[in-house]
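Note that the protein sequences, when read in sequence, are chains L and A. Count the first sequence with the numbering used here and you get residues 25 to 154, in order. Count the second sequence with the numbering used here and you get residues 628 to 743, in order.
Hints in this document: simulated from the structure, not taken from any laboratory. Keep in mind the model is a prediction, meaning the values are calculated, not measured. Yeah, the Cβ is synthetic: ideal placement off N, Cα and C, and Gly gets one too. Possibly wrong hints are sitting among the right ones.
As the list claims (entries may be wrong) - Examples of chain A residues toward chain L, derived with CB under 10 Å: (1) L664; (2) E673; (3) G717.
Stated by the list, open to error - Subject to a maximum C-alpha distance of 20 Å in a straight line, what follows is the list of computed SDA-like cross-link-like pairs (lysine to any residue): (4) L:K46 to A:L712; (5) L:K41 to A:L712; (6) A:K687 to L:L66; (7) L:K115 to L:A100; (8) A:K687 to A:I705.
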Amino acid sequence: MTTRKPYIRSMQGWWLKNTFYKKYMIREATSIFAAIYALILLEGLMALASGAAAWNDWLVSMRSPVAVIFHLLALAAAIYHTITWFAVSPKVAPNIIIGKQKVPAVAITALQYAIAAILYLTLLWVALSI
Amino acid sequence: MKRSNEPIFWSLFGAGGVVVAFILPMLIFITGIAVPLGILPHEVMEFERIRDFADAWQGKLFIFAVISLTLWHSAHRIFLSLHDLGIHWGRGFFRWLCYGFAGFCTLLTVYLLMHI
Numbered sequence: 025m026t027t028r029k030p031y032i033r034s035m036q037g038w039w040l041k042n043t044f045y046k047k048y049m050i051r052e053a054t055s056i057f058a059a060i061y062a063l064i065l066l067e068g069l070m071a072l073a074s075g076a077a078a079w080n081d082w083l084v085s086m087r088s089p090v091a092v093i094f095h096l097l098a099l100a101a102a103i104y105h106t107i108t109w110f111a112v113s114p115k116v117a118p119n120i121i122i123g124k125q126k127v128p129a130v131a132i133t134a135l136q137y138a139i140a141a142i143l144y145l146t147l148l149w150v151a152l153s154i
Numbered sequence: 628m629k630r631s632n633e634p635i636f637w638s639l640f641g642a643g644g645v646v647v648a649f650i651l652p653m654l655i656f657i658t659g660i661a662v663p664l665g666i667l668p669h670e671v672m673e674f675e676r677i678r679d680f681a682d683a684w685q686g687k688l689f690i691f692a693v694i695s696l697t698l699w700h701s702a703h704r705i706f707l708s709l710h711d712l713g714i715h716w717g718r719g720f721f722r723w724l725c726y727g728f729a730g731f732c733t734l735l736t737v738y739l740l741m742h743i
């Protein structure tokens, strides 16, 4: 029996070949930052459940330079995710028809930015209403 | 034909994507940057205040949605990215690892919220 060794083109680093692929991989990578942030919040929730001392320890850990740098990166990742999410959702959502006209994709994207702006401000307002 | 479970995971991914887009940028800014650096007063994240917030059902719902749905979103993307990175072995194992981890953290979040 002969063993054939067919040539298989390597796919190593395929996504580095053009900007479109790179942007796609950056978009996918933003989910790693989101996951770590969610785990930091989960850690905070555990501290909250244990009591005031544990909660204050968690707050101190949030002030460390590593934590702040991570959150700056996570913020950038979340904004990148948001931009791509709002751009893609008109293509994923079913067609919305008002009157006899299909609502254009730009209008749906713009509407999402408007809703997001209201939600961000609401969140900030809730945080500050002491 | 065996029914696919993909729509369930895709729905969780989609819901998580909405949470990350509409909530996370501001939430990361408040909890991870503004309060730690003193841009916003530290009272914003004082123990009693956050405990009272997590005590009300609206607060519980918010915390649950942010932690759980974000993790489901990420688990789905990370799992599918393995293919893009050329990792084709252990698909079943990685599926369990990614979704299992999100599921475990969801249960842990529910447990903690019930004990606050």
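Consistency of the hints with the structure:
With a least beta-carbon distance of about 7 Å to chain L, the hint placing A:L664 at the interface is held under the 10 Å criterion. The interface hint given for A:E673 holds, since its Cβ lies 8 Å from the closest Cβ of chain L, which is under the 10 Å cut-off. The interface hint given for A:G717 is broken, as the beta carbon of that residue sits about 18 Å from the closest beta carbon of chain L, more than 10 Å. For the hint pairing L:K46 with A:L712, the CA-to-CA distance comes to about 12 Å; that is within 20 Å, so the pair holds.
For the hint pairing L:K41 with A:L712, the CA-to-CA distance comes to about 14 Å; that is within 20 Å, so the pair holds. For the hint pairing A:K687 with L:L66, the CA-to-CA distance comes to about 13 Å; that is within 20 Å, so the pair holds. A hinted pair counts as satisfied when its Cα atoms are at most 20 Å apart, and L:K115 with L:A100 does not qualify at roughly 24 Å. For the proposed pair A:K687 and A:I705, the alpha carbon gap of about 27 Å is over 20 Å, so the pair is violated.
This entry does not satisfy hints 3, 7, 8, going by the numbered hints stated previously.
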